[in-house]
Amino acid sequence: MSLYASLMRVVENHIAPLAGRIGSQRHIIAIRDGFICAMPFLIVGSIMLIVANPPFDADTTSGFGRAWLGFAKTHWNTITMPFFMTMGLMSVFVAIGTAYSLARHYGLDALTAGLLSLMAFLLAAAPQADNKMSLDFLGGQGVFTALICAIWSVELIRLLKKYHITLRLPEQVPPAIARSFELLYPVIGILLTVYPLSILLQSEFHLLLPAAIMQLFQPLIGVGDTLPAILLMVLIANLLWFAGIHGDNIVTGLLNPIFMTNLAANAALVAQGAATTQTLTAPFWSFYVCIGGSGSTLVLALLYLRSRSVHLRTIGRLSVVPSVFNINEPLLFGSPVVMNPTLFIPLLLVPMVNAVLAYFALHWELVEKMVAMAPWTAPAPLGALISASWDIRAAVLVLLLMALDFAIWLPFFKVYEKQLIAQEMQQAEAERAASAATGA
28 MSLYASLMRV VENHIAPLAG RIGSQRHIIA IRDGFICAMP FLIVGSIMLI VANPPFDADT
88 TSGFGRAWLG FAKTHWNTIT MPFFMTMGLM SVFVAIGTAY SLARHYGLDA LTAGLLSLMA
148 FLLAAAPQAD NKMSLDFLGG QGVFTALICA IWSVELIRLL KKYHITLRLP EQVPPAIARS
208 FELLYPVIGI LLTVYPLSIL LQSEFHLLLP AAIMQLFQPL IGVGDTLPAI LLMVLIANLL
268 WFAGIHGDNI VTGLLNPIFM TNLAANAALV AQGAATTQTL TAPFWSFYVC IGGSGSTLVL
328 ALLYLRSRSV HLRTIGRLSV VPSVFNINEP LLFGSPVVMN PTLFIPLLLV PMVNAVLAYF
388 ALHWELVEKM VAMAPWTAPA PLGALISASW DIRAAVLVLL LMALDFAIWL PFFKVYEKQL
448 IAQEMQQAEA ERAASAATGA
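So the numbering used here is basically just the index in the sequence shown, starting at one, shifted up by 27.
Careful, some of the hints might be misleading.
[Stated by the list, open to error] With a straight-line Cα cutoff of 20 Å, these simulated SDA-like cross-link-like pairs (lysine to any residue) come out:
1) 159 - 222
2) 189 - 135
3) 441 - 330
4) 159 - 234
5) 189 - 214
6) 159 - 145
7) 445 - 329
8) 100 - 87
9) 189 - 132
10) 188 - 220
11) 159 - 227
12) 441 - 329
13) 445 - 363
14) 189 - 54
15) 441 - 367
16) 159 - 223
17) 188 - 142
18) 100 - 298
19) 441 - 430
20) 188 - 207
21) 188 - 204
22) 189 - 138
23) 445 - 338
24) 100 - 74
25) 188 - 205
26) 441 - 368
27) 441 - 336
28) 188 - 208
29) 445 - 340
30) 445 - 337
31) 441 - 375
32) 445 - 332
33) 441 - 338
In case anyone wonders, no lab produced these hints; they're calculated from the structure.
The task is simple: from the sequences and hints, build the whole structure.
This is the structure in structure tokens:
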């Protein structure tokens with residue numbers, strides 16, 4: 028049995044079924060939805076951070092640059108306030124969004140679940156003394172706590188409802204008021220579970236609950252930011268795509284907490300005037316690893332435009348514009364790249380090569396690490412430029428990666444094009460023969 032056949036058997040029999048179960052798991056879906064809910068706030072906050080940190084040195088001779096630097100310095104507090112109220116409250120948005128999504132899955136009242144999750148998270152993040160609350164754990168450092176609080180809050184509501192432990196009011200009470208009172212027991216449940224744990228950690232270990240949870244997850248974050256872990260995730264995502272499963276949805280759904288924690292850490296360091304440290308972020312994945320979508324297929328769409336194969340040329344015309352905005356399902360399924368042995372190797376190889384080169388470019392500080400959240404649908408050079416706080420080297424890196432992607436995709440494209448041209452010629456011959464026979 029060939030290596031390809033053996034690999035496909037493993038993917039189809041083991042990896043794909045497991046990935047399907049993970050991708051449809053209600054808590055994973057809720058976590059993914061929670062981060063999606065937070066995305067608009069993070070994008071706006073990222074823009075304000077970029078405005079506050081002009082891409083010019085203090086000794087710049089550019090009049091525009093000097094004006095921008097002066098404006099940013101004079102109005103620093105005013106400009107950065109929206110950043111702290113959006114990116115700095117990332118975990119608040121995630122806690123509400125995750126609970127809302129999970130509650131909808133269970134058929135529970137989503138709004139009250141979101142509010143209960145918010146209460147649980149604030150109880151966990153609030154210090155016991157001083158009546159003052161730091162923003163430190165409301166941002167990226169509180170993400171894992173926010174997810175745990177969201178899931179626990181919804182599961183608590185579900186369990187109490189399942190065993191009919193609820194406050195029942197007379198039928199004459201308006202439904203809206205009755206629903207609000209149904210939340211009374213879950214609120215008490217959160218108060219009796221989350222708050223005592225928070226007080227215990229503060230009194231015995233001088234730790235807030237989010238700090239303790241962050242320490243538990245720190246090894247995972249550290250490992251996730253290494254090149255072997257990144258390559259493994261890229262490989263799994265594209266193996267799943269080859270089997271026809273949306274690998275990016277599954278893999279990034281699992282990686283989102285690490286993505287956002289790392290991005291928030293970098294953004295906080297920039298706001299403090301310090302050097303960034305984290306490599307693996309959502310923009311790194313979107314704009315360096317997956318240029319044009321999973322498999323980094325933007326260059327393949329461009330190749331299709333000039334193809335001598337009618338089929339590929341048609342797919343190129345249909346898919347090139349979506350690919351520019353990192354949407355490549357028309358190309359993956361139309362070519363098809365999915366389940367296509369000829370295109371199997373570049374589908375796996377190209378994004379892994381991109382990941383290696385981009386990792387070292389950032390690790391060696393040849394390019395600024397990602398500090399802002401650009402929309403994932405932004406064209407890759409522009410998205411990288413914005414996410415790297417206007418570092419022009421980020422856009423140049425994307426263009427260099429695209430040139431290398433072109434060189435890797437080209438020979439496999441040529442082989443596949445030749446196969447399709449032969450098939451199209453045979454089909455044309457068969458149609459001419461059938462037409463001649465009909466005419467005779």
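Hints, one by one, checked against the model:
1. 159 - 222: Distance ~16 Å between residue 159 and residue 222 Cα, so the pair holds.
2. 189 - 135: holds (11 Å)
3. 441 - 330: Distance of about 9 Å is within 20 Å: holds.
4. 159 - 234: holds (15 Å)
5. 189 - 214: holds (16 Å)
6. 159 - 145: Since the Cα atoms of residue 159 and residue 145 sit roughly 17 Å apart, the hinted pair holds (cutoff 20 Å).
7. 445 - 329: This hinted pair holds, its Cα atoms lying about 17 Å apart.
8. 100 - 87: holds (15 Å)
9. 189 - 132: At roughly 15 Å apart (the allowed maximum being 20 Å), residue 132 and residue 189 satisfy the hint.
10. 188 - 220: holds (18 Å)
11. 159 - 227: Holds - the C-alpha atoms of residue 227 and residue 159 are around 18 Å apart, at most 20 Å.
12. 441 - 329: holds (13 Å)
13. 445 - 363: At roughly 15 Å apart (the allowed maximum being 20 Å), residue 363 and residue 445 satisfy the hint.
14. 189 - 54: This hinted pair holds, its Cα atoms lying about 18 Å apart.
15. 441 - 367: Holds, at about 14 Å.
16. 159 - 223: holds (19 Å)
17. 188 - 142: At roughly 17 Å apart (the allowed maximum being 20 Å), residue 142 and residue 188 satisfy the hint.
18. 100 - 298: holds (12 Å)
19. 441 - 430: It holds: about 17 Å lies between the C-alpha atoms, which stays within 20 Å.
20. 188 - 207: Holds - the C-alpha atoms of residue 207 and residue 188 are around 14 Å apart, at most 20 Å.
21. 188 - 204: The hint holds at about 17 Å.
22. 189 - 138: holds (19 Å)
23. 445 - 338: holds (12 Å)
24. 100 - 74: Within the cut-off at roughly 16 Å; holds.
25. 188 - 205: Within the cut-off at roughly 14 Å; holds.
26. 441 - 368: holds (14 Å)
27. 441 - 336: holds (10 Å)
28. 188 - 208: holds (13 Å)
29. 445 - 340: holds (13 Å)
30. 445 - 337: holds (12 Å)
31. 441 - 375: Between residue 441 and residue 375 the Cα gap is close to 18 Å, so the pair holds against 20 Å.
32. 445 - 332: holds (15 Å)
33. 441 - 338: holds (14 Å)
This entry satisfies every hint, going by the numbered hints stated previously.
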